[in-house]
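Chain L: place on chain R using the hints.
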Amino acid sequence: MNETLQTILALGLVAAALGFLFWGWLRRRNVCDDAGCDCSRNALRKRRK
Amino acid sequence: MSEPVYAFVGNPNCGKSTLFNALTGLRQKVGNYPGVTVEKKVGECFSQHGHRMKIIDLPGAYSLAARSPDEAVMRDVLFGRRTDTPRPDRVVCIADATNLERNLYLVSQILDLGLPTIVALNMMDLAEAQGLRIDVAALSTRLGVPVVPCQANSGQGLTELRLAMSRADLVAARPVWSVPAEMSQALEEIVAAICCADRHESVAAQAEALTLLADRETLVASGVSLRAEVLTVVDRWERQWRAEGYDWRGALVAARYDAVGEIVRNTVESTQADSGPSVTDRIDAVVVHPVWGWVTLVAVMAAMFVSIFTLAEYPMGWIDSGVTWLANAVRGALSPGDLRDLFADGVIPGVGGILVFLPQILILFFFIGLLEQTGYMARAAFLMDRPMSRVGLDGKSFIPLLSSYACAIPGIMATRTIESRKDRLVTILVAPLMTCSARLPVYLLLIAALVPNERVPVATKVGLMFAMFALGTGGAFFFAWLFKRTLLRSEAPMMIMELPPYRMPSLLSVALHMGERAFMFLRKAGTVILAISIVLWAMTTFPRSPGATPSEQIAQSYAGQLGHAIEPAIRPLGFDWHIGVGLVTSFAAREVFVSSMAVLFNVDETVDDSTDHLRQEMLQARWPDGRPLFTPLVCFTLMVFYVFALQCMSTIVVVRRETGSWKWPLVQIAYMTSTAWLMCYAVRQLGLALGFA
Chain R
1 MNETLQTILA LGLVAAALGF LFWGWLRRRN VCDDAGCDCS RNALRKRRK
Chain L
50 MSEPVYAFVG NPNCGKSTLF NALTGLRQKV GNYPGVTVEK KVGECFSQHG HRMKIIDLPG
110 AYSLAARSPD EAVMRDVLFG RRTDTPRPDR VVCIADATNL ERNLYLVSQI LDLGLPTIVA
170 LNMMDLAEAQ GLRIDVAALS TRLGVPVVPC QANSGQGLTE LRLAMSRADL VAARPVWSVP
230 AEMSQALEEI VAAICCADRH ESVAAQAEAL TLLADRETLV ASGVSLRAEV LTVVDRWERQ
290 WRAEGYDWRG ALVAARYDAV GEIVRNTVES TQADSGPSVT DRIDAVVVHP VWGWVTLVAV
350 MAAMFVSIFT LAEYPMGWID SGVTWLANAV RGALSPGDLR DLFADGVIPG VGGILVFLPQ
410 ILILFFFIGL LEQTGYMARA AFLMDRPMSR VGLDGKSFIP LLSSYACAIP GIMATRTIES
470 RKDRLVTILV APLMTCSARL PVYLLLIAAL VPNERVPVAT KVGLMFAMFA LGTGGAFFFA
530 WLFKRTLLRS EAPMMIMELP PYRMPSLLSV ALHMGERAFM FLRKAGTVIL AISIVLWAMT
590 TFPRSPGATP SEQIAQSYAG QLGHAIEPAI RPLGFDWHIG VGLVTSFAAR EVFVSSMAVL
650 FNVDETVDDS TDHLRQEMLQ ARWPDGRPLF TPLVCFTLMV FYVFALQCMS TIVVVRRETG
710 SWKWPLVQIA YMTSTAWLMC YAVRQLGLAL GFA
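Chains R and L are the protein sequences, given in the same order.
Numbering-wise, the first sequence is residues 1 to 49 according to my numbering.
Numbering-wise, the second sequence is residues 50 to 742 according to my numbering.
Worth flagging that the hints you see were computed from the coordinates, not collected in a lab.
Hints are not guaranteed to be accurate.
So the derived label-pair ranges between C-beta atoms look like this [to be verified]:
#: 1; chain 1: R; residue 1: I8; chain 2: L; residue 2: G381; range: 21 to 31 angstroms
#: 2; chain 1: R; residue 1: L11; chain 2: L; residue 2: L571; range: 21 to 31 angstroms
#: 3; chain 1: L; residue 1: V511; chain 2: R; residue 2: N2; range: 44 to 54 angstroms
#: 4; chain 1: L; residue 1: A618; chain 2: R; residue 2: L11; range: 23 to 33 angstroms
#: 5; chain 1: L; residue 1: P599; chain 2: R; residue 2: G19; range: 23 to 33 angstroms
#: 6; chain 1: R; residue 1: I8; chain 2: L; residue 2: M350; range: 51 to 61 angstroms
#: 7; chain 1: R; residue 1: N2; chain 2: L; residue 2: P617; range: 36 to 46 angstroms
#: 8; chain 1: R; residue 1: L11; chain 2: L; residue 2: P599; range: 18 to 28 angstroms
#: 9; chain 1: L; residue 1: M350; chain 2: R; residue 2: N2; range: 54 to 64 angstroms
#: 10; chain 1: R; residue 1: G19; chain 2: L; residue 2: T373; range: 27 to 37 angstroms
#: 11; chain 1: L; residue 1: E616; chain 2: R; residue 2: N2; range: 36 to 46 angstroms
#: 12; chain 1: R; residue 1: L11; chain 2: L; residue 2: P621; range: 37 to 47 angstroms
#: 13; chain 1: R; residue 1: I8; chain 2: L; residue 2: L739; range: 52 to 62 angstroms
#: 14; chain 1: R; residue 1: N2; chain 2: L; residue 2: P599; range: 19 to 29 angstroms
Partner residues aside, some chain R positions facing chain L, computed with beta carbon under 7 angstroms [stated by the list, open to error]:
#: 15; residue: M1
#: 16; residue: E3
#: 17; residue: T7
#: 18; residue: A10
#: 19; residue: L13
#: 20; residue: A17
#: 21; residue: L26
Just so you know, even glycine gets a beta-carbon here, dropped at the ideal spot from N, CA and C.
Here chain R stands alone, though its shape is the one from the complex (with noise of 0.2 angstroms):
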C-alpha cells in the first residue's frame, strides 16, 4: 500500500470519526424511539406541568 492511499484511508477514517461524533451529538438532541438507545429528554429535566 503506497502513502498516498494510506492518507486518503487515514483522513477517510478521521472524517468518519468527525462524522460519528456529530451524529451522536445530533442523535442525543432528538428524542429518539429505540427502546434500547440513550435519550436526550430524560428523568432530571424538570417536566412540563
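What follows is chain L alone, placed relative to chain R:
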C-alpha cells in the same frame, strides 16, 4: 395467545432480579427507557410447552405511589402509559416470604389492576428458618391468584413458576380489599369520568382512580397527562374532604393494610417462640455498631481497594502487553504511512488505554454486586448517612461516589436511585472529583518523576498517592456542601431504607451484572474514545512539518499550536506548552497525558521499562533559559491539577445525557477547571515561598 408479555414486579430486595436472571439466563437485553435514564431489562424464557414468553423486569418499588423515576417507570408500564413498552398481559409479583405483610401491600395494588397475576413467594428457606409457616394454599385462595413458593438463588420452585406462567387459563385478578365507605361514591364518579366500556378496562380505571386519589401530585408532576374532566371530579372531592377534615389518603392506606393484615393473620403462623435475636440481628449488632460498624466498613473498603489494585494488576498487564504487541504488529505489517501511524499511534493506544482499565471496573462491580446481594451495601449506606448528611447529602449518594473511585461514568449512572433531583445533581457534579482509575497512570508517572526510587522510601510514594485520594474525596465533600447551600439549595433529605436480611449471594446474578457493566463501559466509553483518538491523532499529525523530528512535528501541529495558545494561561502554574499539549490531549481521557508525554519527549514505546525512560527524559526537559521543567514542585502541582480538573470527555457526555442539557456539564467544567487552576496557583505560590523551585 402469541408470546405473552409478563411484568416482574416486587419490593426492592425481594429477589426479583435473581428470579429474572434464573429464568432468562443470557436471553436478556438491557437498555434504557426512552425519556428517563432508568434501566430497562427485557428477557425471554420458554413455557412448559416450548412457547416463547417475554419478561420485563420492572424496577423495584414499595407501592404504586412513585417517589423516584424508577418507581414511576414501574407504575407507568403497568398502567400501559408508556408508548415504548407494551402493557404487560400478565404479572408475576415477587413477594419476600420473610416480610409478607409489607410485600402484600404492593401485591394488593397489583391485584387491583385486574391483570392475570401470579404471586411468587420467594425466600421460603429464610422464612422457614425464622419459624414462619405459610399456608400457601390458603394464601392463594385469599388472594384469588396462584401462589408459587420458591427460592430464586437456589433455583427451587422455578419449574412450578414456569408451569404457572405457562397456563393459558390464568384468571384476571380482583381486588382483595374494600375502599372505605366514605370514598365509594367518589370512586364511582372518578371511574365514570375515566370511563370504560368492558370489564377489564373498568377494573383498570378503578386502579387508576385509586392512584389519583392516593398520590395525584406525584402523578401530575411526573408528566402523566390526565383529562381535565377527571381532575375536576378529583378536585371537587378533595376540596369536600379537606373541608370535612377527612384524611382520605390515610384512610386508603389504612384500609389496604387492614385487609393485608387480615390475610397474613389467617395464612402465616409463627412456629417459633421468641428465640432471641436472629442471625441478621446478631451480625447487625456489629456491622451497624457506632464503632465496630466503621471498623467493618473500613476493612471491607480496604479489601475492595486492595483487590482492585492487586488482582487487576495481571490482567491489566496482559491487556497492556496485548495493546503494545498489536501496535508493533501493525507497524510491522503495514508499510510506513499515515494509515499505519493512525492505527499504531492513535487508534490502538487510544482504545487500549481504556481497555486496560476494564479489569478494575469488573472487579469493582463484582464487589458491588456481592455487597448488594449479601445485604451489606444497605448497611454501608446506613452508616454513611450521618457523614453524608453533614454536607447535605443522604446515604444513597455513597454508592455512586464509591463507584466513582473506579470510574466516574458508572458512578454518575448509579445516581438514578436518588429520589431528589437536586441531590442527584449534586452527586453528579462532585462524582468526578473522586480519584478514578484513569488518574492512576498520571499520578504514578508524576510520583516517579517527583520522588525517584533511589532517594526516598516506598512509603513516601504511597503517602503521596493517598494524599491525592484524600484531596479528591475532601474536595467532593466540600463542593457537595457548597452546592447544597448555593446553586442546589434544598432541605437535608431524610433517608428511609430497608435493611434486608443477610443472604447468600447468587454468583450467576453477580456475573450477569458484571457482564452488563462491562458491555456498557466498552460500548459507551469505547465508541467515543475511538473517535476522539482518531481526531487527536490528526491534530498531532497535521499540518505536516517535513524533516521535523517527532517532537518538533507535535510542537507545530494543531495540537501543539493549541498548547502554545494556552501556555499564557498555564505559565503562572509553572507549566510550559509541552504540558499544555498533554492537558489538551488528555481531555479525551486523563491517561492520554502519559502517552502524550511519551510522544512529546520522543520515547520509544517498544523499549522495556518505558516509564523509567520517560521519567529520565522528563527530568532532562528544560525551559528555553535552561531551568529544569519538571521540578518536584511542578510535578506536585500537576498532580493537584489532575485531582480537580474535569479532564474526561466521556464523563462530560454521560453528564449531559443524565442531566438532559449542556448546562450542568458546563457548570461542572467551569467549577472544576477554575478550582484546579486556583489550587495549582496556591500550591505553586506556597511552594515558591517555602523555597522550592
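> Among the hints numbered above, which are violated by the structure, and what are their numbers in rising order?
Replying inline: Hint 21 alone not satisfied by this model.
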